[in-house]
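Protein sequences, first through last, are from chains A and B. So in this note's numbering, the last one in the first sequence is 484, and the numbering has no gaps at all. So in this note's numbering, the last one in the second sequence is 326, and the numbering has no gaps at all.
Calculated from the structure, these hints are not laboratory results. None of the values given here were measured: they were computed from a predicted structure. Worth double-checking, as some hints may not be accurate.
[Said to hold, decoys possible] Below, in silico cross-link-like pairs of lysine-lysine (DSS-like), each with a Cα-Cα straight-line distance of 30 angstroms or less:
(1) B:Lys321 with A:Lys339
(2) A:Lys364 with A:Lys298
(3) B:Lys195 with A:Lys339
(4) B:Lys203 with A:Lys339
(5) B:Lys321 with B:Lys226
(6) B:Lys195 with B:Lys265
(7) B:Lys265 with B:Lys280
(8) B:Lys195 with B:Lys315
(9) B:Lys226 with A:Lys339
(10) B:Lys280 with B:Lys321
(11) A:Lys31 with A:Lys388
(12) B:Lys280 with A:Lys339
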Amino acid sequence: MSTDVIMPQMGESIAEGTITKWLKKPGDAVKRDEPLFEISTDKVDAEIPSPAAGVLSEILVKEGQTVEINTVVGRIGAAGEKAAAAPSAAGTAAPTARAGTKSEPAAQQAQGKAAAPPAQQAQTRQASAPAEAQPQPSASAGSGAARPHHDAGDGDGDGDVARGGASREELRRTRSSPLVRKIASEHGVNISALQGTGISGRVTKNDIISFIEQGGAATHAPGAQPEAAQASREAAPAAAREPEAPAWFAPGQDTRIEPMSTIRKKIAEHMVMSRRTSAHVTTFFEVDMSGIARIRAKNKEDFQAREGISLTWLPFIAKAAIDAIRRFPIINSSVDGDKIVYKKHVNLGIAVALDWGLIVPVIKDADEKNILGLARAIADLGERARTKRLKPDDVAGGTFTITNPGGFGGLIGTPIISQPQVAIMGVGAIQKRAVVIDDAIAIRTMAMLCLSFDHRTVDGADADRYMAAVKKTLEQAAFTDLGV
Amino acid sequence: MTVAVMTYLEAIRQGMWEEMERDERVFLLGEDIGAYGGAFKVTAGFYDHFGAERVIDTPIAEAAIVGAAMGAALNGMRPIAEMQFIDFISCAFEQLTNMVASTHWRWGARVPMVVRGPCGGGVHGGPFHSQNMEAYFFHTPGLKIVEPATAYDAKGLIKAAVRDDDPVLYFEHKYLYRRIKEDVPEKDYIVPIGKGALRREGKDVSVITYGSMVHVALEAAAELEKDGVGVEVIDLRTLLPMDEEMVLTTAAKTGKIVVLHEDRKRGGIGGEIAATIGEKAFEYLDGPVVRVASLDTPVPYSPALEEVFMPNTAKLKTAIKELVAY
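Next up, chain B with everything else stripped away, as it sits in the complex (with noise of 0.2 angstroms):
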């Protein structure tokens, strides 16, 4: 098995195209993924290898793109439907909650797509390129949702997506398309949606969280072994279905949770896991579950500002250490 050093961004693209060799029926649409090759290079190179016909360039319109994605799903095919920024998911909200989550209950019929796209912030891109779009969907019965936090996971999700019998929202984090590096198996292998990581093993306290907030977590977690303190960091990698068993094995495990996202956390997704412990580990719990994540504003555009506003290692450490002194 030969093993190649990549980025978080190549891992993806490996991904789709592995998928586009194996499978015919898989094919991208978007909008400048074409010769232009993607805003962030991700389809750069698909347009001259697939053709016109697989990799087709959209007019700016997200809810015709995902429109047509549903159509082209209902009729045989595994649609890859790009948000050029996560944050325009929004215009297709009525196609992806009504229409495609509710397919399969409706008519029986499934939906097998995806709809990818890159979200997060730090990258100072202000309020309309920054935002995370999870708990949006998150609420919707029929939609799957993944988010990788490493490149192994990136490339072993897109797949899973493709190969998925129902629609799966992919959230790429744009922070860690170039920043991640590692080595991924150049070969078929997936990740099964549905699975969180264990991706440190700590006894005080652990830390539950997705996306780039991984790599803050294990810093965090690193810095804090230093003081004694074992943190115990979850990479969820699916939202939607959670692999609750690893929520609440490690619930029961450390007793003290904080529940880190880069979302905003009013309404985050970071309540309903809360919830869902407080419900079904509250024996367990030695003290409250806490949750770190942005304020409650729009994503600033000012560096200073979107700095104050996202949760970061520093934060997260001053959470941690409450919570273990509680």
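Okay, chain A solo, but in the shape it has when bound (with noise of 0.2 angstroms):
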């Protein structure tokens, strides 16, 4: 008797995961409940309980190999029975065996998919997820990102029945028409890096054509057909100057190749894609914290022992942003083709650094938190993410987000928006400098705030009276009301 140990589904929208790390071996007792093995997945890194009580007789699926959901990675058995012997790279990889890929050997299959998963799996990704990713129409600013550069070249039809959470915006980035893919495909060129001018941002074909001539083509396909023969024709020379990207680094003695693991190559997707989608532009104002560091040394201790969390910076700044969204909504808005989205409330993205990425779990509906609701959830979410026990839902729906670089020293940074968002604050490093005051030298707790906010939507002037009012918010230090 035995029971069948399977790829959870971490949320709706999530089609496989990776697992990253079996925390048992075969033959090893395991309770029910006890972390069995790690996952990653778009969304997050995850620890999944044993379904049973009893042995891990068998693992099917290897430490860096990605399924589908519901796929069978191992068996647990009855206690006192033996493990199964070890499985052969063949049976491994016998469980996620996809059409489309049968004509290759099941363990070339295997590693082909741990080394780089092929077009088909990646599309099935939400775009963003380690910074934050959402389902929703509006999420889909330039979440084309999400498919691999080396998808361009294999050519359409690829795919068609493994689009499921793809919106209709992003399926026109990604797959834009049957004649642009077919143009791209003949010339070697990524759809998703150009930037359209269609509906929804998607690439036409005057854009691609135009992309070429310009000699953006990557190769010269002899076969090319009508308009795209043309274009072909007089890319050529261009192209020719071109060649294929040379392979920077070789194995040896001085360097170490290891692949990105899931949440890196989620993370340069997003940013990436961010820098491409938004017109960043970042503006830095100078804050007097010393009103929030009397309310703090005051209050450190009590905060502590009631509610068994520390009374730090964040939620001070956390609720001054959230309260000058009040007057200037723009920040908490979305840009969708050519419309702007509004959101009621403000889904507050904490940026959390971790030992291997970075993810940004979401404080919903932040702007009816006070002080202390908005400490406890950080110190919430903070755990849970260095824990590995985030819910995708715990990093979907932002609207906004901080990021502390100052905790690690930096002075300030400029932040990289998170999609589809269309601002970021930046903390830097929050300590005493002498500040002239009303020409005397005066010690004060100073503190770099940054904004990088989506000059699309967001103007300078914009910006610059959000930050203003968020200053004049910390430096009158008017929170009374700690909630405690």
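The two chains are supplied separately, each in an independent frame; assemble them into the complex guided by the hints.
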């Protein structure tokens, strides 16, 4: 009698997960609900508890492999049962078999999957896991980045069955049209790397032809058709100048090459996609935090004793940021094609640095919380992020984000917006400095705050007025009600 | 060669006249086409010139008209049967689809006959006098269907239809009867069945259409040119067999296709055109194939409602603009 261990579905839009680590070896005894293995999905990393008590008899999916949800990844046998023989490579790969790769030997297939997920697989992922992902249409701004680069060369037609969760807008950007895919394929162009002028930012025929004419194509294909043929003739000299990218590094004594983790790939995709999507501008404000420092000093011990969490700077900054959003709702908006989407509530993302990457859990309806509520939510999400206990919902739906490079001593930075938001606030190091007040030099607790904003919809004046309001709130430090 | 300015109606009339002069096997039959000259006066003067044996008034019985024409055709004649309004061709549906269309297959006997009649709306004729019937017959192998948009084609296609050895349905748009006036050669010429016409070249989007909608398309194209949009207009002229090469060529050229017809959208032949493009020119498409057609209701009698029901230049322009922006 054995119990199947399956790859769980960690959220509605999640189609697959990667086993990052088995916490038990075959033959190990395991209790029910004891952590059995770790997985990495588009959105979160998580520890998966054992579905039954017994002995881990078989591991069917090895570390590093990505399988669809509900795939059997292992089996738990009754206590005393012996572990099955170590699975062969082919046996291990079997559950991951997928249409379209049937002709490959199974072992190769498994290997290929671990190293470079095929396009089809990548397509099912929501774009922007680590920073934040929403399956709603407004989330689609630029999420074409989810499409891996090698995909354009794969031609079209693949992946038609595996677009679960992709919005119409996303598909317009990533799939464009049959003609554009054909031209892209012939010229080795990655569609999602282009800025489109069509609906939802779609790359149109004219977009890709002018891109190729400007020398953007990687290779010259002789078999091109009508317009494409013309374009390719014209593009040929330019294309010839751009050979395929060389391999920059080879493994050797001085280098070590390891594949990116899922979360790292997602961060990479999201950051580049965001840079490409938004017209980033960053404004900096110096804020006198002396008032907040006094409140903290006065209430710190009580707060810790009563609530069991420390009273940090962040809840105050978050509160000031949220209160100012009420006056400047554009800061809490999104861009959807040629429309601006305003959100009623503030879902506040808090960037959390992890040893293995970065994640942005979201405080839902943060505008309804007082200092205590914010402090508690920040502590809770941070703790659960560090212990891999976030749920997909915890990282979804953010409308505005705060990041805190100052925690590591950084004076200030220029953060990248978490799409599809339009602004992100950075908090620099908070430290005492000599400042001039009324022609006297005083010692004040100072901090640099910055706001990176999307100049497509947020103008500098809006951003600066918003930040001035945040600064004023923090300097007045009229947070009389801490909620305790 | 003499050229005369004539209407679409006069062009049909002249075409039939010339064919009757040329070939004594050609004769007319229909309701009130003799002494009265036809409901729209297409056959006015024929009775006096060609006589009662070649211009035959019939009872109000479309099935009998088509059946008699078929019998005559099988016996070596070249009949042209008139439906007073094309709507009533439905009464002859059995004769046309089961008998006329399949005879060549069943007996190896060809049926050289023409069934013609006024189709289309925009003249406030109501549900019985405004319909477009092509989709019912488009589904039937063995028939040919033509629908001219110009006076030149009206004459050239009726002559080609008369000379064709297979049954041809000739749909003439009543809105165009006296609204289209153009130079038509007063000589013997035909417009080949199965060939479309490129009415206007454009680089951005193609409108594939026929009949009176050709003029709507050309008007929209002229207006959109001011906005820098290049609209290509294809006039199919023959619906069956369709000039697929022309359809696929324009699809490959612009990659953005609007199929425009006055018939209702659901089950209209635009669906077949869109599907053909989807099957055979998929890789050339840079946007969805869009249909602009009438609403899926009977043709309203109220002029205001008929305006809402039918495609027009404004509706077409909206569809083109959306597709260009896609």
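If you check each hint against the structure, which ones fail? Failing hints, ascending: 3 and 12.
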